[in-house]
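Chemist: Work the whole structure out from these sequences, hints included.
There are 2 protein chains.
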Amino acid sequence: MIRTIGWGSRGRGLPLEPLELERRDPGPRDVVIDILFCGICHTDIHQVHDDWDSTEYPVVPGHEIVGRVRATGGGTGRFAVGDLVGVGCMVGSCGRCRSCEEGLEQYCRTGPILTCNGRDPDTGRTTMGGYSGAIVVDEAFVLSLPDGLAPAAAAPLLCAGVTVHSPLRHHGVGSGSRVGIIGVGGLGHLGIRIASAMGAHTVAFTTTPAKARDALALGASRAVVTTEEGALDDLADGFDLLLSTIGTPHDINPFLPLLRRDGSYVLLGSLEPTPPVVGALLAMPRRSITASLIGGIAETQETLDFCAEHGITADVETIRVQDVGTAFERTVAKDVRYRFVIDMSSLTEGR
Amino acid sequence: MIRTIGWGSRGRGLPLEPLELERRDPGPRDVVIDILFCGICHTDIHQVHDDWDSTEYPVVPGHEIVGRVRATGGGTGRFAVGDLVGVGCMVGSCGRCRSCEEGLEQYCRTGPILTCNGRDPDTGRTTMGGYSGAIVVDEAFVLSLPDGLAPAAAAPLLCAGVTVHSPLRHHGVGSGSRVGIIGVGGLGHLGIRIASAMGAHTVAFTTTPAKARDALALGASRAVVTTEEGALDDLADGFDLLLSTIGTPHDINPFLPLLRRDGSYVLLGSLEPTPPVVGALLAMPRRSITASLIGGIAETQETLDFCAEHGITADVETIRVQDVGTAFERTVAKDVRYRFVIDMSSLTEGR
Numbered sequence: 181m182i183r184t185i186g187w188g189s190r191g192r193g194l195p196l197e198p199l200e201l202e203r204r205d206p207g208p209r210d211v212v213i214d215i216l217f218c219g220i221c222h223t224d225i226h227q228v229h230d231d232w233d234s235t236e237y238p239v240v241p242g243h244e245i246v247g248r249v250r251a252t253g254g255g256t257g258r259f260a261v262g263d264l265v266g267v268g269c270m271v272g273s274c275g276r277c278r279s280c281e282e283g284l285e286q287y288c289r290t291g292p293i294l295t296c297n298g299r300d301p302d303t304g305r306t307t308m309g310g311y312s313g314a315i316v317v318d319e320a321f322v323l324s325l326p327d328g329l330a331p332a333a334a335a336p337l338l339c340a341g342v343t344v345h346s347p348l349r350h351h352g353v354g355s356g357s358r359v360g361i362i363g364v365g366g367l368g369h370l371g372i373r374i375a376s377a378m379g380a381h382t383v384a385f386t387t388t389p390a391k392a393r394d395a396l397a398l399g400a401s402r403a404v405v406t407t408e409e410g411a412l413d414d415l416a417d418g419f420d421l422l423l424s425t426i427g428t429p430h431d432i433n434p435f436l437p438l439l440r441r442d443g444s445y446v447l448l449g450s451l452e453p454t455p456p457v458v459g460a461l462l463a464m465p466r467r468s469i470t471a472s473l474i475g476g477i478a479e480t481q482e483t484l485d486f487c488a489e490h491g492i493t494a495d496v497e498t499i500r501v502q503d504v505g506t507a508f509e510r511t512v513a514k515d516v517r518y519r520f521v522i523d524m525s526s527l528t529e530g531r
Numbered sequence: 181m182i183r184t185i186g187w188g189s190r191g192r193g194l195p196l197e198p199l200e201l202e203r204r205d206p207g208p209r210d211v212v213i214d215i216l217f218c219g220i221c222h223t224d225i226h227q228v229h230d231d232w233d234s235t236e237y238p239v240v241p242g243h244e245i246v247g248r249v250r251a252t253g254g255g256t257g258r259f260a261v262g263d264l265v266g267v268g269c270m271v272g273s274c275g276r277c278r279s280c281e282e283g284l285e286q287y288c289r290t291g292p293i294l295t296c297n298g299r300d301p302d303t304g305r306t307t308m309g310g311y312s313g314a315i316v317v318d319e320a321f322v323l324s325l326p327d328g329l330a331p332a333a334a335a336p337l338l339c340a341g342v343t344v345h346s347p348l349r350h351h352g353v354g355s356g357s358r359v360g361i362i363g364v365g366g367l368g369h370l371g372i373r374i375a376s377a378m379g380a381h382t383v384a385f386t387t388t389p390a391k392a393r394d395a396l397a398l399g400a401s402r403a404v405v406t407t408e409e410g411a412l413d414d415l416a417d418g419f420d421l422l423l424s425t426i427g428t429p430h431d432i433n434p435f436l437p438l439l440r441r442d443g444s445y446v447l448l449g450s451l452e453p454t455p456p457v458v459g460a461l462l463a464m465p466r467r468s469i470t471a472s473l474i475g476g477i478a479e480t481q482e483t484l485d486f487c488a489e490h491g492i493t494a495d496v497e498t499i500r501v502q503d504v505g506t507a508f509e510r511t512v513a514k515d516v517r518y519r520f521v522i523d524m525s526s527l528t529e530g531r
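Chains as they are written, first to last, in this note's numbering: chain Y, 181 to 531; chain U, 181 to 531.
Careful, some of the hints might be misleading.
To be verified - Label-pair ranges, simulated between beta-carbon atoms:
no. : chain 1 : residue 1 : chain 2 : residue 2 : range
1   : Y       : A411      : U       : I182      : 44 to 52 Å
2   : Y       : S234      : U       : G354      : 38 to 46 Å
3   : U       : A416      : Y       : H490      : 33 to 41 Å
4   : Y       : P198      : U       : P434      : 44 to 52 Å
5   : Y       : G352      : U       : S401      : 30 to 38 Å
6   : U       : G275      : Y       : H490      : 41 to 49 Å
7   : Y       : D523      : U       : T407      : 53 to 61 Å
8   : U       : S526      : Y       : G352      : 49 to 57 Å
9   : U       : E409      : Y       : P198      : 47 to 55 Å
10  : Y       : G352      : U       : G207      : 39 to 47 Å
11  : U       : G191      : Y       : S234      : 51 to 59 Å
12  : Y       : R190      : U       : E409      : 35 to 43 Å
13  : Y       : A411      : U       : R190      : 38 to 46 Å
To be clear, the hints were calculated from the coordinates, so they are not data collected in a lab. Virtual Cβ for every residue (Gly too), placed ideally from N, Cα, C.
Modeler: Here you go:
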């Protein structure tokens with residue numbers, strides 16, 4: 181067993197604290213990774229708070245992991261000691277269903293093994309995430325970090341980045357596409373950067389005037405403050421794709437008229453029931469509502485490679501792990517521009 | 181002016197009765213059609229009752245029209261006196277927007293000119309539909325009735341038929357596709373016939389056991405009575421496409437798990453707000469809700485040609501126009517297998 185420290189919660193309502201963790205000894209296909217940085221995703225907060233009634237305690241969150249290879253089990257030789265690597269939301273999947281065969285492991289029929297609070301079918305144990313010193317991962321679920329990506333600022337690409345990149349690719353966005361990014365936060369700020377880099381005319385939608393200004397600096401052609409009177413009036417039939425990064429249920433109807441025929445409104449942030457959707461806004465003219473869940477491993481590698489090529493990383497505020505409680509509070513209060521990343525070298529401070 | 185008789189309503193709550201109608205003298209591109217048969221669509225009832233707060237009285241419904249060419253204005257010579265022809269839901273559109281240019285006039289940016297209760301931009305008058313003796317229509321909106329289609333039973337193809345055929349084509353249904361048809365009525369019974377003829381494995385969903393038996397006779401591989409306990413349990417991830425022909429708002433969530441990844445649930449019958457949709461059922465795995473509105477003129481001709489090739493017509497009950505009130509009541513009560521069609525030769529009875 182490989183021993184390390186994780187920061188997690190022992191039970192509902194309890195704060196995060198240091199916990200002793202054991203990682204499995206590496207099998208032939210495994211990579212042992214010393215974690216350098218781990219991003220804070222809103223999902224981490226939902227898991228710690230057990231908002232979805234699915235948390236197994238103790239829970240150690242974290243699925244935006246950047247680290248350095250400490251050892252490998254041999255495997256295919258894809259990774260060598262010292263390599264900078266990433267791990268995202270998944271550490272395994274069935275490998276046999278149609279989605280797995282097509283590189284869309286996030287839609288694995290039996291469900292992928294999540295990096296945090298997932299169930300490892302071999303051991304029956306709950307997976308512990310990246311708020312920790314080290315992790316052992318099947319090399320098929322390890323990403324190469326391309327040269328030129330700053331490790332801390334690249335961490336959020338492993339969840340937030342691929343979550344926006346995957347639907348942009350799936351819906352064929354490119355030069356001449358007209359894309360709206362609804363919500364300017366962890367996902368949204370990367371959505372603006374990536375969609376713009378793909379050549380799309382990109383419009384940001386936010387309720388916060390200061391974020392509208394940020395959106396223009398991030399590459400948006402236009403930024404709309406949706407709370408202003410008549411803000412959407414001149415935008416009818418103007419978009420091929422709208423990505424909603426809003427993390428809570430919201431009324432989709434005001435945005436549907438903005439879609440052209442065959443355009444899609446893609447839910448990325450909210451899995452709960454949406455308020456009622458007016459059928460006529462879908463029918464006239466033929467629009468869709470769909471959703472998208474992170475991305476497959478191959479897609480995640482493409483996200484990293486695309487972002488390296490275009491010089492895209494997240495805007496991050498790096499913190500010590502001891503400050504994770506405050507970071508959670510500020511994330512909930514939307515007081516972050518635009519993602520917290522934990523510097524894991526702080527784990528051993530004062531020890 | 182061409183004078184004829186229409187059966188319509190003079191005001192909200194008033195029964196249908198014979199009204200004097202004037203049709204325009206044919207211009208060079210017009211076709212004068214003596215109407216032989218007109219189907220009764222549920223939309224006719226909504227218009228007569230002003231359920232959508234959009235009815236201009238007097239209203240003469242009817243948009244599933246089969247007739248014989250009495251005269252032409254010359255035009256392109258596509259039609260000759262004596263030809264059997266059809267007219268569906270539209271008699272005009274702007275002709276210049278992207279949808280019109282792509283043959284999807286139903287999505288015309290300024291709205292197509294509807295056959296009934298539409299606004300004719302040239303005259304400013306409200307259009308009067310097919311519950312009448314004759315109609316004058318721009319030849320671009322006149323369909324050829326292929327040989328071999330019985331005129332009365334072909335009339336419902338002009339709305340109900342193309343409404344199901346268009347999304348089946350748009351979503352690429354063919355041999356090996358797995359299609360669900362939800363609701364077995366005017367649209368649904370044609371959906372089963374057309375999807376089966378396209379080579380799809382077709383499953384019908386109904387709340388009525390007797391209609392489940394009909395569905396099998398219509399060509400469904402399987403028919404599911406959705407009110408039976410556990411009816412949907414073994415169907416998860418089984419469908420590429422679900423066409424909902426249900427005419428009222430309904431809970432979509434029980435059906436979403438039946439869709440495979442990238443499958444679509446298509447609303448055909450209901451334009452009202454749907455009950456809330458659970459985002460997680462869209463995200464896992466990547467499913468869509470969309471809608472579809474009738475079909476373009478070229479699509480409608482394809483529907484007629486496809487149905488002629490495969491020997492498909494609607495199951496109809498032919499009535500006299502004097503019995504339209506009873507037919508409306510029976511349509512609302514779902515007491516029709518599966519479409520009423522008015523024999524317009526009854527118009528002059530007793531006159």
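Chemist: Hint by hint, note whether the structure agrees.
Modeler: Evaluation of the provided hints:
Taken as a hint, the range 44 to 52 Å holds for the pair A411/Y and I182/U, whose Cβ atoms sit roughly 50 Å apart. Taken as a hint, the range 38 to 46 Å holds for the pair S234/Y and G354/U, whose Cβ atoms sit roughly 40 Å apart. Look at A416/U against H490/Y: about 40 Å separates their beta carbons, and that is inside 33 to 41 Å. A hinted range of 44 to 52 Å holds for the C-beta pair P198/Y and P434/U, which are about 46 Å apart.
The hinted window of 30 to 38 Å between G352/Y and S401/U holds, with their beta carbons roughly 33 Å apart. Between G275/U and H490/Y the Cβ separation comes to about 42 Å, which falls inside the hinted range of 41 to 49 Å. Checking the proposed 53 to 61 Å range against D523/Y and T407/U shows it holds: the Cβ atoms sit about 58 Å from each other. A hinted range of 49 to 57 Å holds for the C-beta pair S526/U and G352/Y, which are about 53 Å apart.
For the pair E409/U and P198/Y, the beta carbons lie near 51 Å from each other, so the given range of 47 to 55 Å is met. The supplied range of 39 to 47 Å is met by G352/Y and G207/U, whose beta-carbon atoms lie about 43 Å from each other. A beta carbon spacing of about 58 Å between G191/U and S234/Y agrees with the range 51 to 59 Å that was offered as a hint. Checked against the given bound of 35 to 43 Å, the beta carbons of R190/Y and E409/U, roughly 42 Å apart, stay inside it.
Range check, A411/Y to R190/U: Cβ separation about 44 Å, and the 38 to 46 Å hint holds.
Hint compliance for this structure: no hint is broken.
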